[in-house]
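Enquirer: Construct all of the structure, not just a fragment, from the sequences and the given hints.
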Amino acid sequence: MAEYIIYHNPRCSKSRETLALLQENGIEPEVVEYLNTPPTVARLAELVDMLGLETAHQLIRDKESIYKELDLDELMLDEELLPLMNEYPKLIERPIVVKGNKAVLGRPPENVLDLIND
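Residue numbers are given in the working numbering: position 48 of the sequence shown equals residue 49, and the series is strictly consecutive.
The set of hints was computed from the structure by calculation and includes no laboratory data. A quick note: this is a predicted structure, and the numbers were derived from the prediction, not measured. Don't be surprised by glycine CBs; every beta carbon is placed ideally from N, CA and C. Some hints could be false.
Stated by the list, open to error - Label pairs and their in silico Cβ distance ranges:
id : residue 1 : residue 2 : range
1  : E29       : E111      : 16 to 26 Å
2  : D72       : E4        : 34 to 44 Å
3  : D115      : E29       : 30 to 40 Å
4  : D72       : E111      : 29 to 39 Å
5  : K91       : E47       : 15 to 25 Å
6  : N118      : K15       : 16 to 26 Å
7  : L71       : N118      : 31 to 41 Å
8  : S66       : T38       : 31 to 41 Å
9  : E70       : N26       : 37 to 47 Å
To be verified - 25 Å max Cα-Cα, derived PhoX-like pairs, lysine-lysine:
id : residue 1 : residue 2
10 : K103      : K91
11 : K91       : K15
12 : K91       : K69
13 : K69       : K15
14 : K15       : K100
15 : K15       : K103
16 : K69       : K103
17 : K64       : K15
Expert: In structure tokens, the structure reads:
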């Protein structure tokens with residue numbers, strides 16, 4: 002298993018920039034194209050925790066059309082949101098980079114330097 006994992010969307014410029022930044026630092030992460038292989042509900046809960054977020058809603062892309070179609074609300078419980086994030090992975094903010102039990106959002110891509118230098 003790779004030391005680093007990136008939950009990646011190759012169509013996203015920030016995701017591509019984050020992957021490139023990792024590679025420029027000599028890191029070849031395990032690349033998980035999460036739209037094709039969504040994280041499990043349990044893994045999403047772990048990611049929320051590793052990112053230090055208070056709620057799963059903080060990991061949601063609320064500008065996505067599916068957010069409006071599903072009529073999601075930021076007051077929804079994690080137990081309601083996490084299964085929807087698994088079923089509709091477009092809702093997941095990206096990219097997420099994991100090293101051990103820590104994770105960062107690659108927005109901006111330079112955030113990954115915190116993991117690299119840790």
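Enquirer: For every hint, state whether the structure bears it out.
Expert: So, going through the hints one by one against the coordinates:
The hinted window of 16 to 26 Å between E29 and E111 holds, with their beta carbons roughly 19 Å apart. At roughly 40 Å, the beta-carbon separation of D72 and E4 lies within the given 34 to 44 Å, and the hint holds. At roughly 19 Å, the beta carbons of D115 and E29 sit outside the given window of 30 to 40 Å. The hinted window of 29 to 39 Å between D72 and E111 holds, with their beta carbons roughly 35 Å apart.
The hinted range of 15 to 25 Å is satisfied by K91 and E47, whose Cβ atoms lie roughly 20 Å apart. In this structure the supplied range 16 to 26 Å holds for N118 paired with K15, their Cβ-Cβ distance being about 20 Å. Under the hint 31 to 41 Å, the C-beta atoms of L71 and N118, about 38 Å apart, fit the expected range. The hinted window of 31 to 41 Å between S66 and T38 is violated, with their beta carbons roughly 22 Å apart.
Distance hint check: the CB atoms of E70 and N26 are about 39 Å apart, consistent with the given range 37 to 47 Å. Among the hinted pairs, K103 with K91 is consistent with the structure: their alpha-carbon atoms are about 22 Å apart, no more than 25 Å. For a cut-off of 25 Å, the pair hint linking K91 to K15 stands: about 15 Å separates their Cα positions. Restraint check for K91 and K69: the C-alpha separation of about 12 Å stays at or below 25 Å, so the hint holds.
A C-alpha spacing of about 23 Å is found between K69 and K15, which places the hinted pair at or below 25 Å, so the restraint holds. With a CA separation close to 19 Å, the supplied pair K15 and K100 stays within the 25 Å bound. Under the criterion of a C-alpha separation no larger than 25 Å, the hint pairing K15 with K103 is consistent with the structure, at around 20 Å. Restraint check: the Cα-Cα separation between K69 and K103 comes to about 31 Å, which exceeds 25 Å; the hinted pair is violated.
Taking the CA atoms of K64 and K15, the gap is near 16 Å; set against the 25 Å cutoff, the hint holds.
Against the hints set out earlier in the document, violations occur for numbers 3, 8 and 16.
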